[in-house]
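Enquirer: Each chain is listed here by its residues.
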Amino acid sequence: MMTALSAGSVPHLPRGVRLHHDRIRNTHVLLAPERAFDLDDIALEVLRLVDGQRSIREIAGALAARYDAEQDVIEADVIDMLNGLANRRIVGATPLEPDRKP
Amino acid sequence: MSDVLNAVPAPIGLLAELTHRCPLRCPYCSNPVELERRSAELDTATWCRILSEAAALGVLHVHLSGGEPTARSDIEAITAHCAMVGLYTNLITSGVGPALTKLGGLAAAGLDHVQLSVQAGDASTADSIAQLKGAHEQKLVFARRVVELDLPLTLNAVIHRGNIGSVSDLIALAVDLGAKRLEIAHTQYYGWAYVNRAALMPTRTEVDRSIAVVEEAREQLQGRLVIDLVVPDYYASYPKACAGGWGRRLMNVSPSGKVLPCHAAETIPNLTFWNVHDHSLAEIWAESPAFQAFRGTEWMQEPCRSCERRERDWGGCRCQALALTGDAASTDPACHLSPHHALIRNLARTDSASSSSTTVYRGFGALTEHVPAGEPV
Numbered sequence: 001m002m003t004a005l006s007a008g009s010v011p012h013l014p015r016g017v018r019l020h021h022d023r024i025r026n027t028h029v030l031l032a033p034e035r036a037f038d039l040d041d042i043a044l045e046v047l048r049l050v051d052g053q054r055s056i057r058e059i060a061g062a063l064a065a066r067y068d069a070e071q072d073v074i075e076a077d078v079i080d081m082l083n084g085l086a087n088r089r090i091v092g093a094t095p096l097e098p099d100r101k102p
Numbered sequence: 103m104s105d106v107l108n109a110v111p112a113p114i115g116l117l118a119e120l121t122h123r124c125p126l127r128c129p130y131c132s133n134p135v136e137l138e139r140r141s142a143e144l145d146t147a148t149w150c151r152i153l154s155e156a157a158a159l160g161v162l163h164v165h166l167s168g169g170e171p172t173a174r175s176d177i178e179a180i181t182a183h184c185a186m187v188g189l190y191t192n193l194i195t196s197g198v199g200p201a202l203t204k205l206g207g208l209a210a211a212g213l214d215h216v217q218l219s220v221q222a223g224d225a226s227t228a229d230s231i232a233q234l235k236g237a238h239e240q241k242l243v244f245a246r247r248v249v250e251l252d253l254p255l256t257l258n259a260v261i262h263r264g265n266i267g268s269v270s271d272l273i274a275l276a277v278d279l280g281a282k283r284l285e286i287a288h289t290q291y292y293g294w295a296y297v298n299r300a301a302l303m304p305t306r307t308e309v310d311r312s313i314a315v316v317e318e319a320r321e322q323l324q325g326r327l328v329i330d331l332v333v334p335d336y337y338a339s340y341p342k343a344c345a346g347g348w349g350r351r352l353m354n355v356s357p358s359g360k361v362l363p364c365h366a367a368e369t370i371p372n373l374t375f376w377n378v379h380d381h382s383l384a385e386i387w388a389e390s391p392a393f394q395a396f397r398g399t400e401w402m403q404e405p406c407r408s409c410e411r412r413e414r415d416w417g418g419c420r421c422q423a424l425a426l427t428g429d430a431a432s433t434d435p436a437c438h439l440s441p442h443h444a445l446i447r448n449l450a451r452t453d454s455a456s457s458s459s460t461t462v463y464r465g466f467g468a469l470t471e472h473v474p475a476g477e478p479v
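Order-wise, the sequence lines are chains A and B.
In this text, residue positions in the first sequence follow this note's numbering: the first is 1, and each later residue adds one.
In this text, residue positions in the second sequence follow this note's numbering: the first is 103, and each later residue adds one.
There's no promise every hint is true.
[As the list claims (entries may be wrong)] Not the full set, but computed from the structure, chain B residues with beta-carbon under 7 Å of chain A: (1) Gly160; (2) Asp214; (3) Gln324; (4) Val328.
Derived from the structure by calculation, the hints contain no laboratory data.
Ideal placement from N, C-alpha and C gives every residue a C-beta, glycine not left out.
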């Protein structure tokens, strides 16, 4: 049973998963059970918007506006990234109505 | 000296063996065969100082372990201190004894994750392995409370001949309890497990079947349960990068404050381990003779020295090399390129065919005491 997020899903970082600024290595990491992920700038921007309130569509919309990029392209990339983390039980999500508009 | 400090990458993990006291007596325990006594344990202030130093050094994850870490009366204070200095805390617990009553306090102190040991899928096998009646049932109650508190739960099961048929039950148990992760960790034969190897070693067929069960479940349970598999060295073709490479990623602090490159490192004679009473963690990491002994690749012999995998597996396990070849600097015999590889294959074959059921259960001074395995407890 694959986790399949959609644009309407509302992702959150569950307890035991958190962003951490690693001052020693001057980088941001995502800390999770038995895992630490180095984050590039884009992954960090996405995860900073994951707050259990915004839908993926809203997250992609905020990023599209900030970087003057196409919403559809960003949305697909965000779904792809968060699906990967959800399959590893690092991101949780509430599947709201698939067509909920921001 | 500054060159040394610059050349050595900072550690990412610290295994804090808070105590060697434990209500369970598993015959494969990763603690040293010579357990440290309560009277030698570090006090709260010293642990807090070490943990602050660890955070400043670059450690991200702290594994609060033992023995049973909740046997310490200051476990909540130590956990809160970790949270304060930004360390990610992983409680490695048996879930037995005081663990359940302390869990709420630990969650409030900022605990990030719980790793609970389970010995088998059913109570009677599990309690017989742990040598404590009622232990498995206590673990189930503990696990449910972890999930109720919204803490992420990992189950860890060490696999050996006595429970290898139980892998699918363990997977079902993890799903039933709401665990996010399950570690199916085949026994690594150091310390207690080395002593008990003839009673613990499964056959090749059993190992292959258990791996197939895991692979099938991984596919079925994707997105529900993550299963990490640690395969057994004695049936492997390549060695593991022990602790991610000696002195590269991890440090282990013993209950009395000895700092080790891995939890079994004391089995290697003539290594000098520095103590937190005498040195800072940063000094120990960069300069202590034990951490320098097998760091990097300079110490390697052939076939490791010219091997293209030398910076992937870092020569494998030093303790295993010593135990099986008599030389801690030789290639881990788990590697098929080791001149001693036939030895490890033969040991696996002989031990797995052995009818030995005599197991030395973990305990203080337990090496003088032999208890038949599988006896009702």
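Enquirer: Work down the list of hints and note, for each, if the structure agrees.
Expert: Results of checking the hints against the structure:
For B/Gly160, the interface hint holds, the least distance from its beta-carbon to any beta-carbon of chain A being 4 Å, beneath 7 Å. Taken as an interface hint, B/Asp214 checks out: its beta carbon lies about 5 Å from the nearest beta carbon of chain A, inside 7 Å. Checking B/Gln324 against chain A: minimum C-beta separation of about 5 Å stays under 7 Å; hint holds. Hint status for B/Val328 relative to chain A: holds, with the closest Cβ pair at about 6 Å, below 7 Å.
The structure agrees with every numbered hint stated previously.
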